[in-house]
Amino acid sequence: MSPLTGQILNLFASVLLLIAFAMLAQRRIVTLINLFAIQGLALVGSTVTVAWATGQRHLYYSAGITLVLKVVILPFILHRLIRRLNVKWDIETLINIPTMMLVGIVLVVFAFNLALPISQFSQSIARGTLGIALACVLMSFLMMITRSKAVPQVIGFLAMENGLFFAATSATYGMPMVVELGIALDVLVGMIILGVFMFQIREQFDSLDIHHLEKLKED
Amino acid sequence: MNLEGFLAQLLAVAAALAGAPLLSGWVNQCRAWLQNRRAPPITMPFRTLHKLFWKESVIAHDASPIFRVTPYIVFGCMLLACLIIPTLSTNLPLAPAADAIALVGLFGVARLFISLAAMDIGTSFGTLGARREMLVGFLAEPAFLMVVFTASLISSSTSLATTVSTLGHREFAILPSLAFAGLAFTMVSLAENARVPVDNPATHLELTMIHEALILEYSGRHLALIEWAASLKLFAYSCAGFAIFFPWGIAEASDSVAFLWALPALAAKLAVGGFALALIETILAKMRIFRVPEFLATAFLLGVLAILVHLLLGA
Amino acid sequence: MEAFFVLLAIPLLGGPFLWLLGDRRSAPEVNAALSLATFAASAWLTAVVISGGPITAWNEQFFVDALNVFLVALTAFVGFTTSLFSRPYMRIEREKGKMTGPRLRLYHSMYQAFMFTMLLALTTNNMGILWVAMEAATLATVLLVSVYRTAASLEAAWKYFILCGVGIAQALFGTILLYFAAERVLGAEGNALLWTHLNLVKADLEPAIMSLAFVFLLVGYGTKIGLVPLHNWLPDAHAEGPTPISAVLSGLLLNVALYSVIRCKVLADGALESRFAGNMMMGFGLLSVVVAAFFLSRQRDVKRMFAYSSIEHMGLVTFAFGMGGPIANFAGLLHMTVHSLVKSAIFFAVGHAAQKAGTQLMEDIRGLIKVSPTVGWGLMIGTLAILGMPPFGVFASEFLILTTAMREHPWATPFLLLALGVAFAAVFSRVQPMVFGDTHIKPLPHQPALVPVFVHLGLGLLLGLYIPPYLAAWYAEAAKLLG
Chain U
15 MSPLTGQILN LFASVLLLIA FAMLAQRRIV TLINLFAIQG LALVGSTVTV
65 AWATGQRHLY YSAGITLVLK VVILPFILHR LIRRLNVKWD IETLINIPTM
115 MLVGIVLVVF AFNLALPISQ FSQSIARGTL GIALACVLMS FLMMITRSKA
165 VPQVIGFLAM ENGLFFAATS ATYGMPMVVE LGIALDVLVG MIILGVFMFQ
215 IREQFDSLDI HHLEKLKED
Chain Y
195 MNLEGFLAQL LAVAAALAGA PLLSGWVNQC RAWLQNRRAP PITMPFRTLH
245 KLFWKESVIA HDASPIFRVT PYIVFGCMLL ACLIIPTLST NLPLAPAADA
295 IALVGLFGVA RLFISLAAMD IGTSFGTLGA RREMLVGFLA EPAFLMVVFT
345 ASLISSSTSL ATTVSTLGHR EFAILPSLAF AGLAFTMVSL AENARVPVDN
395 PATHLELTMI HEALILEYSG RHLALIEWAA SLKLFAYSCA GFAIFFPWGI
445 AEASDSVAFL WALPALAAKL AVGGFALALI ETILAKMRIF RVPEFLATAF
495 LLGVLAILVH LLLGA
Chain S
15 MEAFFVLLAI PLLGGPFLWL LGDRRSAPEV NAALSLATFA ASAWLTAVVI
65 SGGPITAWNE QFFVDALNVF LVALTAFVGF TTSLFSRPYM RIEREKGKMT
115 GPRLRLYHSM YQAFMFTMLL ALTTNNMGIL WVAMEAATLA TVLLVSVYRT
165 AASLEAAWKY FILCGVGIAQ ALFGTILLYF AAERVLGAEG NALLWTHLNL
215 VKADLEPAIM SLAFVFLLVG YGTKIGLVPL HNWLPDAHAE GPTPISAVLS
265 GLLLNVALYS VIRCKVLADG ALESRFAGNM MMGFGLLSVV VAAFFLSRQR
315 DVKRMFAYSS IEHMGLVTFA FGMGGPIANF AGLLHMTVHS LVKSAIFFAV
365 GHAAQKAGTQ LMEDIRGLIK VSPTVGWGLM IGTLAILGMP PFGVFASEFL
415 ILTTAMREHP WATPFLLLAL GVAFAAVFSR VQPMVFGDTH IKPLPHQPAL
465 VPVFVHLGLG LLLGLYIPPY LAAWYAEAAK LLG
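Protein chains in written order, with our numbering: chain U, 15 to 233; chain Y, 195 to 509; chain S, 15 to 497.
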C-alpha cells in the first residue's frame, strides 16, 4: 500500500469521524438522513481505496453493495418514511449538544486507546483507522441513547453498522463475501421491519416519541 | 539583526498599515457586487479614516484614563500582531519575540481593554457589547488555540515563522487535520472579526450587535484608531490563516528574489480571501446571539478533532 | 450432507409457504407438520452424527459435532412441541379477538423463519454466518413480539429490537476482530472465519486481539442471552409477546446465543494463556443469577417472573461454562437442556392459565387446580422442576454446578446459594396461591392441549433420574470439546 492510499484512507476516516460528530449535533431529521448518506459515500470511497490498493476484487462488490444499499436505498426509504409519517424535526436531545460533543471527544480517545494494542498488528498503513471505526460505533451508540425519537435512533443504529463496516474494510480488508451479503441482507430486512414498526407505533401513540415507550419500567 | 531582516520588517509594517484598510475596502466592494449594489471605491476606508482623524474627539465627562488609552493600546496590539505574523517573509527580527500563543494573548489584551473601555462610560449598550464580546472571546480563544496547536504539532514548533517554513516545504500529503483546523480557523475568524454569521459589520442599528456596541462612545481620532485596528485585526487573521494553511509564496530567510514575489503573492491571496469572506457574508444569514456559543463550540470541536486526527492517525 | 439440506430447507421454504398459504384453517396444522418434519430431519442428522462422528458439508460451511448436535435435536424438538401448543392457544386468542387472520399468517411464517435462523446458527461453521443468523433471529421475532399491537407490546418489541440490535452490533465488531486475528494465521480467504479451521490454529491467534474480540462477542451475544446488565429487553419481550413466542425465546434463542458464546470461548481459551474468557463469563453469570433472583420477587406479571427466572438460569449456565472443566461443562450442557424443556413447559402452562384468567397478573390468577387440574398441576410441577427440586434434571445440573463451584471457587458459593434461595422463595410463594388459591372463575369449555407440557416435564424428570448412556457420552464429549 503506497503512502498516498494510506493518506486517502486517513482522509476518509477523518471524514467519517467528522460526520459522526455532525450526526451527534444535528437536530433536523432530514439533515441527519443526508449525513447518513454522505457517511455511506465516504464508506464507499474508503472501500474502493482499499480494494484498489490491495487488488481484492470482492471489495469492489462490497463497495457496490454499500453504494446501492446505504447511499441510495436506505436514505430513500428513510426520506419516504419521514414524509409519510410527517416528522421533520427532532428538537429534543436528552443531553444538551455541547455536553454530547465533549462526551464524543472522550469516546474517541477511549476508542483509540482500546484499539491501540490491536492496531499495531494491522498490515494496513492506516493504522489508526480501527480506532476511528470504533469511535464511530461508540458515538452512534451515544446518539441512539440520547435521542428520544424513533427515526434518529434508527439512523444511529445504521450509522453504527457503518462504523463496523469501516472497521471490517480498514482493518481486515473486508469480511468474506458470503458474510457481507448476509449482513447487508440483515440490514435491509431490519430497515423494512423498522419501517413497518414505526407505523405501528404511530398508529398506537399518534407520535414517534419514544418517551411513550416507558411504561414497562422495573418496579 | 541583519539589514535585510530589518527591511523586511519595515515592509511588513507598511504592508499591514496600508493593506489592512484596503482589505476592508475590498471586502465591502465584493459584498456590494455580490448583493447587486453599487460598490464603494476600494479606498473608502482610507477616506473614512482621513475624515475621522480631522474630526474633534468627544469624550464623556465620566470617562476614565482607560477610555482614553484604549484606542492606542488596541491599535498597538493589532499592529504588533501584524508584525509577528510572517506576512511577507519568515526572516522577521520580531518573530522570535513572540510565538503563536503570544499572538492569541495579544488579541486577548486588545479585547480586554476594549471591553473595559466600553463599560467605562456606563451606558447600557457598552456593557451589553462588552458582555457579548467577552462571551465570544471566551469561546473563540480556545478554538483558536486548538488550531494553533494543530499547526504546531505538525511543524513541531509554536513559532509561526518555523511553522510557515516547515509547512511550506513538506512534500505533498493529504492532511485532514489541517483541513479541520482550517475550517475551525475560518469560523473563529468570522466570530472574532465581527463578521456575518456572528455579527453584522455593516450596521450599528441592531440590538444584537457586538462590535459596534463596544465603540459607540468613540469619535474622532479615537474612532479612527479603533476602526483602523479592526481592519488590522482582519488583516492579521487573514495573514495568520495564509501562513498556516497556504504558506506558499512567503519568502524564506535571505532569499531576495522570493521576497520580491512575496508582495504580489500576498495581494493575490488577500484578494481571493477577501472575496471568499464577502461570499460567506452574502450567503449566510446572521444567527441569533444565543446560537453563537454553539457556532463557536463547533469551531472548538473541529479544532479538537484536528488535533485528535493528527495524534491518532498521524495525518 | 442430505440431512443438513433437509433440516435447513424445511423451515426455510416453510416460512414463505405459510405466508403464501395465508390465513387458512390448515395453517396451524401445516406449521406443526413442518416442525415435525424438521424434528425428523434433526433426528436423522443426529443418527448420522452418532454413527459417523462429526461431519461437515458444503465446503465446510456447515458442520455438526458433539456440542451442537444435541442442541439441534433439542431445538427442533422444542420447536415442534411449541407448534403443537400454539394450535389451540392461537385458536383461543383468535376467538378472543386478540389475533386476526393477517397476524396469524405473519405468526406462522415467522415461526418457521425463526426456526430456520436457530438451526442455521447452530449448524453453521462460519462465525460470520452465525452472526447473520443471530441477527436474523431478532428480525424474525420482533414483529411477533408486537403482534398484539398494544402499547406495551410495541414498547417491548422496540426495546427488543434496539437493545438486541445494539448488542449484536458489538458481536459483529467482535467477529471482525476475530477475523482480523484469524486472517493473520489463516490468510485472507473465506476459510478464516470457519470455526473448525480456527479451532485448529487457535493457539496461534494473537492474544491481544482475541481478548478484545471475546469481550465484544460476549457483550454482543450476552445481550441475547439476557445477561445482566444487558437483560432489559428480555422480560418485556417475554411478557408482551404471544406465549408460544415466549416459550421459544426462553427455550431456544437464549440457548443458541449461549452456544455462540461458548464457541467463541473455546477459541479465546486456546489463544489466551489465562482464564480471561472464563472469568468474564463467571462474572457476568454470577451477576445475572444474583440480580435476576432479586428481581424475581418484585414481579407481578407471571410471564415476566418466569422471564427473570430464565435470566437467572442462563446466568447459572454461563457461570458453569465460565468455570470450565469436564464436570462444570457437563452440568452446563445438561442445564441448558433441562431448562429449555422445563421452561417452555412452564410457559405453555402459564399461557393456558393466563388465557383462562384473562390476565397475566399473578394476584388475579387463582385456583388453577379447580379451573383446570391439568394446567394447575403442570404449572406446579414445572415450577418445582425449574426451582431445582429433586428429582428433576434441574436439580442434578444445579447440584453439579454448585459442588464444582464449592470446590473450585468457594467465594461464589454463598452468592449462588443465596440467589437460588431467594428465587425459590419468590417463585414458590407466587405460584402456590395461583394454583391452590380460591377462585370464582368457572372452568372454560375448551380443553387445552397439555401433552407438550407433560412431555417436556417428563423428559426433564427423566434427565434427573437417569441420563441415557449415549446422551451422557455425548455430553461428556461435548464437555471435553469445551475444555
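The set of hints was computed from the structure by calculation and includes no laboratory data.
The model shown is predicted, which means the values in this text are computed figures rather than measured ones.
Please note: incorrect hints may appear among the correct ones.
As the list claims (entries may be wrong) - Which bits of chain U does chain Y cover? Going by a derived footprint, with three or more residues having C-beta under 8 Å, they are: (1) 90 to 101; (2) 109 to 116; (3) 121 to 131; (4) 142 to 155.
For each residue, glycine too, the CB sits at the ideal point set by N, CA and C.
Hint numbers not upheld by this structure, sorted from lowest to highest: 1
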